[in-house]
Amino acid sequence: TEEERNTRLDSEAISRRTRRQLALLQETEEQRNIRLNNESFTVANRRLTRDLMVNHTMFHKIKEKAYNLFIL
Numbered sequence: 001t002e003e004e005r006n007t008r009l010d011s012e013a014i015s016r017r018t019r020r021q022l023a024l025l026q027e028t029e030e031q032r033n034i035r036l037n038n039e040s041f042t043v044a045n046r047r048l049t050r051d052l053m054v055n056h057t058m059f060h061k062i063k064e065k066a067y068n069l070f071i072l
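Position one of the sequence shown corresponds to residue 1 (the numbering used here), numbered consecutively onward.
If you are wondering where the hints come from, they were derived from the structure by calculation, not from laboratory data. Don't be surprised by glycine CBs; every beta carbon is placed ideally from N, CA and C. Hints may contain errors.
[Unchecked claim] The calculated label-pair distances, taken between Cβ atoms and stated as ranges, are:
1. Leu36 with Arg16: 19 to 29 Å
2. Ile62 with Leu36: 30 to 40 Å
3. Glu30 with Glu2: 39 to 49 Å
4. Ile14 with Thr49: 25 to 35 Å
5. Arg35 with Glu12: 22 to 32 Å
6. Thr7 with Phe59: 47 to 57 Å
7. Thr7 with Asp51: 36 to 46 Å
8. Glu39 with Asn68: 37 to 47 Å
9. Arg46 with Leu69: 33 to 43 Å
10. Glu12 with Ser40: 26 to 36 Å
Could you build all of it, start to finish, from the sequences and the hints given here?
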């Protein structure tokens, strides 16, 4: 039933959360530092990717304007 399915999904989510919390408790200081560095790099990479996409879009808009000026 739908209720059983929801209960199972809730149970699986709790199990995943519990496993994650246990892993965090068991990690060494070195592992913690590596994890935190990885999280920082992930955030920085997302920011750089976003900035590259913005710059790419701006480049094409400027290129199009320059082309239109040249044609006119």
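Discussion item. Just to be sure I understand the hint, the distance between the Cβ atoms of Glu12 and Ser40 should be within 26 to 36 Å; is that true here?
Written reply: holds (30 Å)
Discussion item. For the hint 25 to 35 Å, verify it against the beta carbon of Ile14 and that of Thr49.
Written reply: Because 33 Å falls inside the window, the suggested range holds.
Discussion item. Verify the CB-CB distance for Arg46 and Leu69 against the hinted window 33 to 43 Å.
Written reply: About 35 Å separates the Cβ atoms of Arg46 and Leu69, which means 33 to 43 Å holds.
Practice prompt. Return holds or violated for the Cβ distance of Thr7 and Phe59 against the range 47 to 57 Å.
Written response: holds (53 Å)
Worksheet item: At the C-beta level, are Glu39 and Asn68 separated by a distance inside 37 to 47 Å?
Response: Taking Cβ atoms as reference, Glu39 and Asn68 lie about 44 Å apart, which means the hint holds.
Worksheet item: Should the hint that Arg35 and Glu12 are 22 to 32 Å apart at their CB atoms be regarded as holding?
Response: holds (23 Å)
Worksheet item: Per the hint of 30 to 40 Å, is the separation of the Cβ atoms of Ile62 and Leu36 within bounds?
Response: Since Ile62 and Leu36 have Cβ atoms about 39 Å apart, the given range 30 to 40 Å holds.
Discussion item. Taking the Cβ atom of Thr7 and the Cβ atom of Asp51, is their distance within the range 36 to 46 Å?
Written reply: holds (44 Å)
Worksheet item: Range hint 39 to 49 Å: satisfied by the CB atoms of Glu30 and Glu2?
Response: With a Cβ separation near 46 Å, Glu30 and Glu2 satisfy 39 to 49 Å, so the hint holds.
Fill in: CB-CB spacing for Arg16 and Leu36 relative to the 19 to 29 Å hint
holds (21 Å)
In this structure, every one of the numbered hints holds.
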